[in-house]
Amino acid sequence: MSSTQTVSLSVNGEDISRAIEPRRNLVDFLREDLQLTGTHVGCEHGVCGACTLRVNGEIVRGCLMLAVQADGAKVETIEGVSDSGEIADLQEEFHKRNALQCGFCTPGMLLAAADLLKSNPDAGRDQIREYISGNYCRCTGYQAIVDAIEAVVRKRGEQSS
Amino acid sequence: MTEKSPLTVLDRPNSFIGKSIRRSGAKRLLEGCGTYVDDITLPRMVHVAFCRCPFAHAKIGAIDSEAAQATSGVIRVVTGRQLAEYCTPWIGVLTHLQGLKSAPQHAIAVDRACWQGEAVAAVVAETRSQAEDAVELIDIDYQELPIVVDMETALEDATPVIHPDLGDNLCFQREVDIGEVDKAFADAHCVVEETFNFGRHTGVCLETRAIIADYNPAEQHLTVYLSAQAPHMMKNLYAKHFGLNEDNIRVVCKDVGGSFGIKVHTYPDEMAAAALSIMLKRPVKFIADRLESFVTDIHARDHRVKARMAVSKEGKFTAIDMDDLTGIGPYSVYPRTSGIEANQVVNLTGGTYMIENYRARTRVVFTNKNGMCQYRAVGHPIACAVSEGLVDAAARALDMDPVDLRRRNLIPDDAYPYTYATGLVFEQLSHHQCLDKILEMMDYDGLRREQAEYRDKGVYRGIGFASMIEVTNPSPAFYGVGGAFISSQEGCTMRLDHTGGITCTVGVTEQGQGSDAVVAQVAATAVGVPMETVRVISGDTDVVPYGGGTWASRAAGIGGEAALRAGKALRENILEIAGIILQADPAALDIRDGAVVDAVDGTERMPLSEFGRIVYFRGDTLPKGVQPELVVTRHYVPKAFPFAFTNGFEAFHVEVDVDTGFLKLLKCWVVDDCGTIINPMLVDEQIRGGVVQGIGGALYEECLYDGQGQFLNANMADYLVPMAAEMPDIEVGHVETPTQDSELGAKGVGEAGTTGAPAAIMNAINDAIQPFGKHISDMPFTPERILKALGKV
Chain U
2 MSSTQTVSLS VNGEDISRAI EPRRNLVDFL REDLQLTGTH VGCEHGVCGA CTLRVNGEIV
62 RGCLMLAVQA DGAKVETIEG VSDSGEIADL QEEFHKRNAL QCGFCTPGML LAAADLLKSN
122 PDAGRDQIRE YISGNYCRCT GYQAIVDAIE AVVRKRGEQS S
Chain Z
76 MTEKSPLTVL DRPNSFIGKS IRRSGAKRLL EGCGTYVDDI TLPRMVHVAF CRCPFAHAKI
136 GAIDSEAAQA TSGVIRVVTG RQLAEYCTPW IGVLTHLQGL KSAPQHAIAV DRACWQGEAV
196 AAVVAETRSQ AEDAVELIDI DYQELPIVVD METALEDATP VIHPDLGDNL CFQREVDIGE
256 VDKAFADAHC VVEETFNFGR HTGVCLETRA IIADYNPAEQ HLTVYLSAQA PHMMKNLYAK
316 HFGLNEDNIR VVCKDVGGSF GIKVHTYPDE MAAAALSIML KRPVKFIADR LESFVTDIHA
376 RDHRVKARMA VSKEGKFTAI DMDDLTGIGP YSVYPRTSGI EANQVVNLTG GTYMIENYRA
436 RTRVVFTNKN GMCQYRAVGH PIACAVSEGL VDAAARALDM DPVDLRRRNL IPDDAYPYTY
496 ATGLVFEQLS HHQCLDKILE MMDYDGLRRE QAEYRDKGVY RGIGFASMIE VTNPSPAFYG
556 VGGAFISSQE GCTMRLDHTG GITCTVGVTE QGQGSDAVVA QVAATAVGVP METVRVISGD
616 TDVVPYGGGT WASRAAGIGG EAALRAGKAL RENILEIAGI ILQADPAALD IRDGAVVDAV
676 DGTERMPLSE FGRIVYFRGD TLPKGVQPEL VVTRHYVPKA FPFAFTNGFE AFHVEVDVDT
736 GFLKLLKCWV VDDCGTIINP MLVDEQIRGG VVQGIGGALY EECLYDGQGQ FLNANMADYL
796 VPMAAEMPDI EVGHVETPTQ DSELGAKGVG EAGTTGAPAA IMNAINDAIQ PFGKHISDMP
856 FTPERILKAL GKV
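Chains U and Z are the protein sequences, given in the same order. In terms of the numbering used here, the first sequence opens at residue 2 and continues consecutively. In terms of the numbering used here, the second sequence opens at residue 76 and continues consecutively.
Check before you lean on any hint, since a few could be wrong.
Derived DSS-like pairs (lysine-lysine); straight-line CA-CA distance at most 25 Å [to be verified]:
{"no.": "1", "chain 1": "Z", "residue 1": "Lys849", "chain 2": "Z", "residue 2": "Lys532"}
{"no.": "2", "chain 1": "Z", "residue 1": "Lys102", "chain 2": "U", "residue 2": "Lys156"}
{"no.": "3", "chain 1": "U", "residue 1": "Lys97", "chain 2": "Z", "residue 2": "Lys94"}
{"no.": "4", "chain 1": "Z", "residue 1": "Lys258", "chain 2": "Z", "residue 2": "Lys391"}
{"no.": "5", "chain 1": "U", "residue 1": "Lys97", "chain 2": "Z", "residue 2": "Lys742"}
{"no.": "6", "chain 1": "Z", "residue 1": "Lys102", "chain 2": "U", "residue 2": "Lys119"}
{"no.": "7", "chain 1": "U", "residue 1": "Lys97", "chain 2": "Z", "residue 2": "Lys329"}
{"no.": "8", "chain 1": "Z", "residue 1": "Lys102", "chain 2": "U", "residue 2": "Lys97"}
{"no.": "9", "chain 1": "Z", "residue 1": "Lys739", "chain 2": "Z", "residue 2": "Lys867"}
{"no.": "10", "chain 1": "Z", "residue 1": "Lys512", "chain 2": "Z", "residue 2": "Lys742"}
Computed spacing ranges between beta-carbons, pair by pair [as the list claims (entries may be wrong)]:
{"no.": "11", "chain 1": "Z", "residue 1": "Thr170", "chain 2": "U", "residue 2": "Gly125", "range": "55 to 61 Å"}
{"no.": "12", "chain 1": "Z", "residue 1": "Lys94", "chain 2": "U", "residue 2": "His46", "range": "41 to 47 Å"}
{"no.": "13", "chain 1": "U", "residue 1": "Glu131", "chain 2": "Z", "residue 2": "Asp673", "range": "55 to 61 Å"}
If you are wondering where the hints come from, they were derived from the structure by calculation, not from laboratory data. Idealized CB from N, CA, C, for every residue including glycine.
Input sequences plus hints: build the corresponding full structure.
Here it is, written out as structure tokens:
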């Protein structure tokens with residue numbers, strides 16, 4: 002397990018290069034090697050969605066992808082999309098409706114929601130519920146999350162029309 | 076009911092009580108800037124992984140750790156016997172649960188492991204992955220022992236006794252027999268009878284249990300970063316079992332990723348991590364992985380209740396007689412014990428109704444499964460489902476509308492204070508108001524008409540109700556009287572800073588429910604400052620006043636009242652000095668929106684920032700002998716009642732596919748009375764989240780064990796929890812009956828949703844399938860069980 006491999010990638014717009022064990026998964030790499038602790042680890046078997054992050058524009062489970070597989074890729078995390086302001090409207094609606102309690106699922110939930118808004122800007126309530134069904138939330142009961150995403154769908158729709 | 080004096084702090088100008096103000100602490104979580112335990116890294120920190128017993132019960136023979144010790148990065152392999160020199164065993168008993176017994180439990184098993192998943196050795200290494208690699212290389216000579224997996228036979232003579240020193244597998248038994256139960260049944264017009272099964276389930280906090288223990292040998296000082304609910308309680312237990320001076324221990328709970336009662340107990344692996352830090356004299360981190368969470372986080376429910384109810388011709392409930400059995404694993408969990416859930420089932424069953432004859436027995440037995448203990452709404456969903464299931468069975472037997480039947484039996488709103496058969500004292504509840512309100516919200520008559528129309532089309536929809544009571548704001552009667560150092564009081568220290576800002580420290584802890592936010596709202600109101608100038612610090616035993624933390628829905632009601640009292644005292648101190656500065660009568664002044672004003676017309680006299688400048692930097696301008704005191708501490712402990720009961724109604728509308736057994740939750744309504752509502756948005760979200768956890772227990776969640784005591788679905792893919800797509804919208808309404816025991820009048824709201832959901836769903840399913848003459852009472856109500864009930868499989 003001592004042999005390392007060098008991985009070079011872009012993380013939130015910064016070029017990063019590190020020598021890591023090939024078995025290191027992407028979320029551990031981000032959290033432990035880069036101290037980007039905003040992405041969380043909830044199950045380590047691809048079910049809960051807490052480690053949802055973006056690789057080359059697509060959302061993935063950070064626990065199911067090895068860091069070496071992200072060599073050359075463009076990785077974005079909650080820290081990156083918060084700093085850029087890309088999901089500020091989502092964060093605002095989540096905050097306004099208390100669509101988070103403990104907050105552990107929230108970064109993953111926000112990235113999943115942002116992905117839905119991109120792929121289906123007119124998503125209705127049922128489609129929202131369906132799309133975030135890969136992200137566990139144990140605190141809220143989901144309704145406020147659905148309300149928040151629905152509100153962003155409406156507001157973005159009003160802006161673009 | 077006595078009337079409140081007309082003017083309280085709630086009537087202050089610019090009050091924030093009753094407003095849906097956003098949680099300021101949520102912003103960091105939204106941007107990924109929270110600090111959960113695993114986000115913390117300390118210098119020289121090492122990681123521990125545990126070797127866990129693969130058998131439900133086994134003697135631990137030779138432990139060969141040579142290969143593990145030789146693995147790269149490994150610092151130390153430690154067995155239970157080695158660790159026992161640093162951590163004494165504990166016994167989970169409380170003196171007020173008479174007769175409750177348990178055996179000594181070690182942080183790491185010594186000689187014998189009693190459930191699949193119990194830690195038998197620890198590996199400390201530079202990284203978690205190195206520690207896990209080494210765990211795989213530990214070779215243990217296990218000798219399997221006879222096991223107890225079925226609680227129904229745990230007390231039989233032929234069943235092996237798990238702890239021979241205890242004599243039998245009975246942890247706790249309680250019997251009550253009030254009134255003339257036999258006579259009531261003999262005189263009954265009809266008797267309904269049912270056996271209810273409640274699946275064993277667990278909390279599945281999205282952040283798993285987590286600890287970093289940092290022992291400083293030079294000062295013999297232990298700092299523990301913990302994902303937990305009761306930091307002061309843990310500080311006491313660390314001192315007790317590690318032989319440290321309690322004053323030299325600091326417990327810090329930063330952001331907590333969900334708890335729900337799971338994180339208020341003593342966990343052997345966490346105790347081991349802390350003991351290892353003392354042994355190795357360096358910081359040790361333990362983060363449970365999801366698989367070990369399933370086999371070590373406390374489980375709950377797993378009750379079998381046989382119950383019957385006597386009903387008169389007029390539909391009056393005259394008696395309940397029930398027998399409850401629960402299997403809690405091999406040890407009573409420390410320090411709250413595993414007897415509380417069963418005790419609550421006995422206390423609470425039937426408790427919303429006027430029932431004078433009541434007999435109940437509960438038996439809590441040891442089994443070779445993971446431990447069970449208090450999880451959200453302890454015992455409540457069981458008591459509620461038994462009561463409400465019997466009520467609907469009676470409605471079917473009498474061919475009465477279930478709402479009409481409830482109305483005849485609910486304790487009248489003008490009958491308070493009321494003492495229930497089991498001795499519970501209710502200060503003032505509002506069952507009938509809540510029922511009226513929920514019927515209006517759901518358009519009950521309309522739903523019944525729609526149900527009839529759908530039935531004609533072969534679509535089976537059902538409506539189910541649950542009336543509820545919940546234990547909140549617990550007094551020392553809950554744990555303190557039983558000898559545990561679990562505080563029922565809360566304190567709040569409040570400081571006016573020179574900027575005019577207010578800093579509060581409180582003993583209640585934040586895990587997302589919003590306790591910091593409601594304390595801030597109360598503080599801002601009581602002092603008279605804008606919300607954005609209030610900062611709340613919680614979760615650090617070196618900083619906050621002594622308190623119990625967060626459990627049993629106590630943070631808002633008890634912590635809030637402490638904040639209210641501190642805020643009033645601080646305002647008084649500020650106005651006394653302001654009166655001197657302004658040469659005015661302090662009684663003629665007030666503080667509003669961050670400024671000292673004339674009480675009568677609100678004219679601004681001096682902003683608090685100016686007041687702060689004078690007091691903190693120009694004390695020379697104040698008269699001799701005047702010493703401003705701008706830091707105050709006040710406490711509150713409920714005394715008038717053992718608990719401040721809340722009450723409410725929950726209703727579900729469901730559709731059953733009688734061919735597939737699939738259930739669709741169409742809608743849920745809740746009306747809750749938690750007294751004064753500090754923040755309506757946070758209250759509604761507590762209720763919604765609680766309902767969905769209740770839905771989990773009713774429909775999806777079950778820890779399945781096989782006959783060998785192996786936990787079969789101990790992973791997130793196979794253990795199902797509620798997901799967004801299947802959840803209904805939940806409409807929440809309120810009745811407000813403040814408790815007179817505090818000026819704030821707030822009661823708790825964390826348990827309500829979870830309490831009623833299983834009962835209301837069960838009744839809704841049974842209402843839907845009534846045309847088939849069938850009913851169901853085994854949770855979770857899976858499609859398979861629904862089809863079985865319908866006789867289709």
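Status of the hints after comparison with the structure:
The hinted pair formed by lysine 849 (chain Z) and lysine 532 (chain Z) meets the criterion: a straight-line CA distance of about 19 Å does not exceed 25 Å. Pair hint lysine 102 (chain Z) plus lysine 156 (chain U) holds up; C-alpha atoms about 21 Å apart against a cutoff of 25 Å. A threshold of 25 Å between alpha carbons decides the hint, and for lysine 97 (chain U) with lysine 94 (chain Z) the separation of about 13 Å falls inside it, so the pair holds. For the hint linking lysine 258 (chain Z) to lysine 391 (chain Z), the alpha-carbon distance of about 15 Å falls within 25 Å, and the restraint holds.
Taken as a hint, the lysine 97 (chain U) and lysine 742 (chain Z) pair is honoured in the structure, with Cα atoms around 24 Å apart against an allowance of 25 Å. A C-alpha spacing of about 23 Å is found between lysine 102 (chain Z) and lysine 119 (chain U), which places the hinted pair at or below 25 Å, so the restraint holds. With a C-alpha separation of about 23 Å, the suggested pair lysine 97 (chain U) and lysine 329 (chain Z) falls inside the 25 Å cut-off, and the hint holds. Only pairs whose Cα atoms come within 25 Å are accepted, and lysine 102 (chain Z) paired with lysine 97 (chain U) is accepted, the gap being roughly 10 Å.
Between lysine 739 (chain Z) and lysine 867 (chain Z) the CA atoms are separated by roughly 19 Å; this keeps the pair inside 25 Å, and the hint holds. The suggested pairing of lysine 512 (chain Z) with lysine 742 (chain Z) holds, with an alpha-carbon distance near 16 Å, which does not exceed 25 Å. Between threonine 170 (chain Z) and glycine 125 (chain U) the C-beta distance comes to about 58 Å, which sits within the given range of 55 to 61 Å. Between lysine 94 (chain Z) and histidine 46 (chain U) the CB atoms are about 42 Å apart, so this pair conforms to the stated range of 41 to 47 Å.
Distance hint for glutamate 131 (chain U) and aspartate 673 (chain Z): a CB-CB separation of about 58 Å, consistent with the stated range 55 to 61 Å.
Hint check: no violations occur; every hint is consistent with the structure.
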